[in-house]
Each structure stands twice: as C-alpha cells, then as structure tokens.
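Engineer: Given next are the chains, with one letter for each unit.
Number of protein chains: 2
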Amino acid sequence: MATLIVAFQGERGSFSEEAAYKLLGHRIRILPCETFAATFQNVANGKAQACLVPIENTLAGSVYENYDLLQSNALHIVGEVSLRIVHNLIALPGTSRKDVRQVYSHPVALAQCGRFFAQHPQIERIPFYDTAGAVKMLAERRMRGAAAIASRIAADVYHARILARHLEDHHENFTRFLLLSKTRKVSPRADKVSIVFSTRNVPGALYKCLSVFALRDIDLSKLESRPLRGKPFEYFFYVDFLGNIKEERCRNALAHLGEVTNFLRVLGCYESARK
Amino acid sequence: MATLIVAFQGERGSFSEEAAYKLLGHRIRILPCETFAATFQNVANGKAQACLVPIENTLAGSVYENYDLLQSNALHIVGEVSLRIVHNLIALPGTSRKDVRQVYSHPVALAQCGRFFAQHPQIERIPFYDTAGAVKMLAERRMRGAAAIASRIAADVYHARILARHLEDHHENFTRFLLLSKTRKVSPRADKVSIVFSTRNVPGALYKCLSVFALRDIDLSKLESRPLRGKPFEYFFYVDFLGNIKEERCRNALAHLGEVTNFLRVLGCYESARK
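Here the protein sequences line up with chains A and B, keeping their order.
Numbered per the numbering used here, the first sequence finishes at 275, counting up by one with no gaps.
Numbered per the numbering used here, the second sequence finishes at 1275, counting up by one with no gaps.
Quick caveat, the hints were computed from the structure, so don't treat them as lab data.
Hints may contain errors.
[What the hints assert, rightly or not] In silico EDC-like cross-links for lysine to aspartate or glutamate, where the CA-CA straight-line distance does not exceed 20 angstroms:
| no. | chain 1 | residue 1 | chain 2 | residue 2 |
| --- | --- | --- | --- | --- |
| 1 | B | K1231 | A | E172 |
| 2 | B | K1231 | A | D219 |
| 3 | A | K208 | B | D1217 |
| 4 | B | K1208 | B | E1172 |
| 5 | B | K1208 | A | D219 |
| 6 | A | K231 | B | E1172 |
Modelling step: build the complete structure from the supplied sequences, incorporating the hints.
Structural biologist: Shown next as structure tokens:
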C-alpha cells in the first residue's frame, strides 16, 4: 500500500504534525502548507490524500477559517483527534534559560503562557507568524539569547533543546483536529456526524432544527454559528451529533432537518476522538 | 454635564473610534487603549465612563476575546452600533497610487482586500498590528512609497491622504460594536437583551433552553458558543433576543431559563442598532 500523504498548515514541527502522528502513526508522509486554503487545495488536487486541520481549541475557541473552508470545499471529514497543547521553551544548544532575552512565537501561544512572562518580566515577547516557524528561524539565523515557544517535535525537527516544559497557564488546553479526504468513507465504528445548515429566517427556526435531534434523543456535541457572506447577521450552523448516518434514527433526523432548513450538507461521519 | 469619556482598543483613527462617533456623536472624549482587557479595565476603574468594543464582523465572525471579557468583567451592555467597514488606501501627501510598493495593515484587513492585491501583484502586503497604527507609522517615519489600509478617519487624524476607497472585496462587511458601562441602565426604547448561560451536561439541554424563547414567540438574533475554561468541550452560550426585560414574557422566559441552566447572567438590555 502506498504511503499516505497528509497535508497540514504550518512549518515542519507544528502541533498539526504532532496531531497527524497521534492519529495516523509515524508511517505517513507529510506535506506542510503555507495557508489553510492551500492545505485544502492540496487534497482537492490530489497532491495529498488527506489533510489534518485544527477546528477548535478549548481556550481559544473555534478556528473560523477552517469552518468556512469546510463549507466552500467539497472534502469529507473522515476522522478526528484531540491533542493536548503543551508549550515548550525551545532554544539552540548553548543557550541556557538565564541567557534568554527574547521569546518568539505565535501570538496565541504567547498569550497562553502569561504566567511564565509575568514571572520573567525581563524577557521580551515577540509575535511571530508560526510556533514551529519561530524555532526554524532560531536555527537558520543561529540566534543565541533568544528562544521560541513551540511543540516538543519542533525541537526534534530543528535540532534545538527544550529548556522548559509546560509553560501554558491552563493544562486543559486541547485542540481538536479534523482529518479530511476527497473520498467519502464511513467506518463501521463511526459514532459522530458533522453537518452544516442554514435556517429559514423565521421565529423559532433554530429551535425547530434542534427539535429533530431532541425528539429522537440524539446528543449534540457542538453547535457553532458562522455569518452568511453577503447576508449581514444571518448564519450557517455547524452541528456535531453522536450517531452513525446508517442508523435509522439519524437518517430520520436528517430527513426531518431537510424539511425545516434552507440548506443542509453532511460534512462527514467518523469515529470520535478518544479523550 | 461632563463630557463622556469612551475607551476603545487601538490607535487614534481606528474603526472603533469611527463607531463611537456614529453612536454617540462627536462631543465625546476618547481614550485609546492598547488591549481589549485594558479597555474593559479603564471602565471598571473609572478612567472612562464607557467603552466601545467590536463583538462581531459579518465576514470574520465573532470577536471571541470580547465575549470572554464580557463574562469575566462585571460591565453592562447599554447600547450597540453597526458600522460598515470601508477599507481605504492611505498614504502621506506626495505619495501617489503608482508610487506605492508596500501596504501595511492588520492581517484581517489585508485578507479582506484580496482583489486589490490580485490586481496589483507588484505591491507587497506587510502585516501590522493595527490598521490605524499603520497610518500612524507612515506619518511618524515619514515613509514614502508605502501606504496603509485603514478607516477614513485615520487619514484625518494623521494628516494623510486617501488614494483609493472601497478596497474591500465584500461590501456587506459590517462590524457590530457594544457600548459597555459600569452602571446598569435600561432605556425605555431598549428592544434587545443579551444573556450568557451554561447548560447542564444532559441530552437535549440546549433544546430545553431555546424552548423558553420559542414557546413564548421570542426571536433570537444571535447564538454563540464559547468553551468553558478547564472543562474541555463544554460551553457557555451567548444569546441575543428581541424584547425588553421589563416585558412579562421576557421576565417569564428568563425565570424559566434559570430552571434549566447551571448558570445565567443578563449582560444588558439596550436599543438595537439601526441597520
């Protein structure tokens, strides 16, 4: 069997790469992409068989851009994985903790390590476009006296050292990633369904939509609203519910939902992430 | 009557400043703040009587950070305003359109002007921390051959010139701002209520919550979910509905909602923005 090629956004050593190994093991080939749009595109054009994109972080919330890309691309969700985000202080060999004067990382990562910076007021925070990209820059420019905040595997990839682990303020910091593919396939173990719909603009519209699940005792695990482009303050709703689309009650719920929505698409049916 | 002092995030000339004038007229004093957290803080500590913060953009979605700050601060929503976001190409006097080689702006603004950059591939996009701040930098450093993308009033504030208007790809680009105050006051014209609640973790919990509105024919205008810190994949729900908390059906709906939620807070009752 040919090696699976998996696209993700960011430099080598990103949290997405770590999540890909967690979900699929190390026998994959990876394809780092500059943007989320390019990540989706590389699956659509066949350069990769799948991509793994972050969709939700327990502290920062949903990754809106990827919700929008799910909607504007024809890819199917075929799996998910939840990764604990551990922020590490990483520097080149020869730089010790007391040498560090600047720390580079993505603004979200810097914000998630507030306690560390409060304890080290002499250290300057410098926003950078990417966590792993900051480690890459340290390595390329042979920067001493500087460090980056990034994933464990970024240290491996760029031959750097971890000076401190668990800089994150909140340990309950998880990111949920979706595995997307051009081909729709539903595993017999699939126990979660993701859909997107838009409601008619009438009172109680969302309530009617949710009734199709509540009346059949189907659990929702997520509900997210996104603005409809060109229609200010109207929304798409993204819903995850527990079940398999081959079950009769789920088929009935989706048929019923079709009656009360303007638009409905099943994004995928897949095995939910083990906690 | 003393002049109202209104805090907002960003440099002078920001879209928030433009929104403040639209909602409150020009007879206010403004207090620019570095972060959203400082903006809230300056109202809490009395340095400003109110603040105006963006909560939702029709293209980019909700401003999560401000939803979280609403929850962690004790301020009340006392008004809202919706501003059409018009992106202008702004440069110092003496720089013409054909001289422009670099354009500085906030990444979201750069992303919203994709067509302009596609038509002008020779122009380099440079991400900057703030739209108005980019105009300020051009002025401070006397930069020629460069421009910024920012609000109309940023050009006034920094004595710069508008080289082109309406660079935004989508004209249906509106941002909704909330006016927040330490004092709770409900205008007789108030016709909108914002609340936040968390549900019990049982099947159909959200459906039961929405039923308190649907059963009383109360219209929802917004539903937003935010992760609960420390409880991965559990959520707070932010709901806006049309009504006044002094109306009996609204009082009843909120009492009923209290029965089926773990936590419930009324964030404010205010006059909705004219479209």
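Engineer: For every hint, state whether the structure bears it out.
Structural biologist: How the hints compare with the structure:
Distance check on the hinted pair: K1231/B and E172/A sit about 7 angstroms apart at the alpha-carbon level, within 20 angstroms; holds. For the suggested pair K1231/B and D219/A, the alpha carbons sit about 18 angstroms apart, so the restraint of at most 20 angstroms is met. With a C-alpha separation of about 12 angstroms, the suggested pair K208/A and D1217/B falls inside the 20 angstroms cut-off, and the hint holds. Of the supplied pair hints, the one linking K1208/B and E1172/B is violated, its CA atoms being roughly 34 angstroms apart against a limit of 20 angstroms.
Taking the CA atoms of K1208/B and D219/A, the gap is about 13 angstroms. The hint holds against a cut of 20 angstroms. A hinted pair counts as satisfied when its Cα atoms are at most 20 angstroms apart, and K231/A with E1172/B qualifies at roughly 7 angstroms.
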